[in-house]
Amino acid sequence: MLSVSRAFTASLAMAAVILFCRALPFLFFSGKKAPRFLSFVEIYMPALAMTVLALSPYASLEWSKAPHGFPEVLAGLLVVGLHLWKRNPLLSILGGTVLYMILAY
Amino acid sequence: MTKSATAPALPKAFKASVPVLLGYLTIGFGFGLLAVNKGYPVWLALFMSIFVFAGAAQYIGISLFAAGASLPEIVLVTLVANIRHAAYGLSLIGSFGAHPRIKPYLIFALTDETYALLSSSKPEERADGGFLLAVSALNQLYWVAGTALGALAGSLIPGRVQGLDFALNALFIVLALEQAMRLKKGLPFVIAGISIFLAYRFMKGSGAIALGLLIATAGLALYDSVRKKRIKGDGNA
Chain A
1 MLSVSRAFTA SLAMAAVILF CRALPFLFFS GKKAPRFLSF VEIYMPALAM TVLALSPYAS
61 LEWSKAPHGF PEVLAGLLVV GLHLWKRNPL LSILGGTVLY MILAY
Chain B
106 MTKSATAPAL PKAFKASVPV LLGYLTIGFG FGLLAVNKGY PVWLALFMSI FVFAGAAQYI
166 GISLFAAGAS LPEIVLVTLV ANIRHAAYGL SLIGSFGAHP RIKPYLIFAL TDETYALLSS
226 SKPEERADGG FLLAVSALNQ LYWVAGTALG ALAGSLIPGR VQGLDFALNA LFIVLALEQA
286 MRLKKGLPFV IAGISIFLAY RFMKGSGAIA LGLLIATAGL ALYDSVRKKR IKGDGNA
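Heads up: the sequence lines are chains A and B, in that order.
Heads up: the first sequence begins at 1 in the working numbering, then just goes up one per residue.
Heads up: the second sequence begins at 106 in the working numbering, then just goes up one per residue.
Bound conformation, chain A alone (with noise of 0.2 Å):
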């Protein structure tokens, strides 16, 4: 575990290139036209960055290993199901980590 000075520094590390992100369209775009491989990028970015980020855990998992990844699948299920059904993110994210905290503790 980092000590509480050494995450400040790499909480504020953290702020500096979150902010260099959101910033670079408008230090480099600002007035001329993005290149063709950006609006690409602004399409199917955000689709690619959530599934990857959504499905890390999963494959990360040690399936051999009890409870076989079954809070983990059930969990995520139940999210999926819940919002398909009502599009309510709160909703979806809440029963989803209550039936997991349930399931795996």
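Watch out, some of these pointers could steer you wrong.
Restricting the straight-line Cα-Cα distance to at most 30 Å, the calculated cross-link-like pairs of lysine-lysine (DSSO-like) are [to be verified]:
(1) A/Lys86 / B/Lys117
(2) B/Lys208 / A/Lys86
(3) B/Lys227 / B/Lys290
(4) B/Lys227 / B/Lys208
(5) A/Lys86 / B/Lys334
(6) B/Lys120 / B/Lys208
(7) B/Lys227 / A/Lys65
(8) B/Lys143 / A/Lys65
(9) B/Lys290 / B/Lys333
(10) B/Lys334 / B/Lys227
(11) B/Lys334 / B/Lys289
(12) B/Lys227 / B/Lys120
(13) A/Lys86 / B/Lys120
(14) B/Lys143 / B/Lys334
(15) B/Lys289 / B/Lys227
(16) B/Lys290 / A/Lys86
These are computed hints drawn from the structure, not numbers from a lab.
Mind docking chain B on chain A? Use the hints.
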């Protein structure tokens, strides 16, 4: 910016931001609770929500702090997790450029949710600096308030709440589904899914996420250019 310009914008912005109010209070609460549960002080959680202000990245950050990750590792993961934000600004260069005085804050506060609200707002709202500022600042207020409540609850309630980290995963699942409903295409999601499982064969942890995203982007870009060439070729033939 004058007061008269902001006054009518605030109620409109509040109404538009209600879904984010609910989401940010909950996820912000979860973040505050997680930070304190992992052994970090309330002020650090608040500091992050004020100056880092990026939902998923803050959750990942706290997990990395708790795992004792190195600074370069933290910087790389943050970059990978947030480079998508660079894509968001592209469609807002015009709207933000019209308000140079508040532009720095608007850029700083451009989270996924703020981007979602601003990019789906009416053109006349997007032209109103007061509206842009009010939506961005309200969203951050909800986020910081949620963090404060969660961190305080975490420091008052003894013992650790386990399994709360899943809220982050649930958030990503929800955002991926929202993207699927927006794009109405399956292929990017299949490519991204294969990529992340592939990436974990070569790397672990944060490195795998970076590699997975890289493979997915390259894969989709390749498919896109091959498809375009084929369409062009058919046209010429």
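A quick look at each hint next to the structure:
1. A/Lys86 / B/Lys117: The hint holds at about 25 Å.
2. B/Lys208 / A/Lys86: Judged against 30 Å, a Cα distance of about 36 Å means the pair is violated.
3. B/Lys227 / B/Lys290: holds (26 Å)
4. B/Lys227 / B/Lys208: holds (19 Å)
5. A/Lys86 / B/Lys334: Between A/Lys86 and B/Lys334 the Cα gap is close to 41 Å, so the pair fails against 30 Å, i.e. violated.
6. B/Lys120 / B/Lys208: holds (22 Å)
7. B/Lys227 / A/Lys65: violated (51 Å)
8. B/Lys143 / A/Lys65: Satisfied, since the Cα-Cα distance of roughly 25 Å is no more than 30 Å.
9. B/Lys290 / B/Lys333: Roughly 17 Å separates the two Cα atoms, so the pair holds.
10. B/Lys334 / B/Lys227: Roughly 36 Å between the alpha carbons, so the hint for B/Lys334 and B/Lys227 is violated.
11. B/Lys334 / B/Lys289: holds (23 Å)
12. B/Lys227 / B/Lys120: Roughly 13 Å between the alpha carbons, so the hint for B/Lys227 and B/Lys120 holds.
13. A/Lys86 / B/Lys120: holds (20 Å)
14. B/Lys143 / B/Lys334: violated (52 Å)
15. B/Lys289 / B/Lys227: holds (23 Å)
16. B/Lys290 / A/Lys86: Roughly 21 Å between the alpha carbons, so the hint for B/Lys290 and A/Lys86 holds.
Going through the hint list in order, the structure does not satisfy hints 2, 5, 7, 10, 14.
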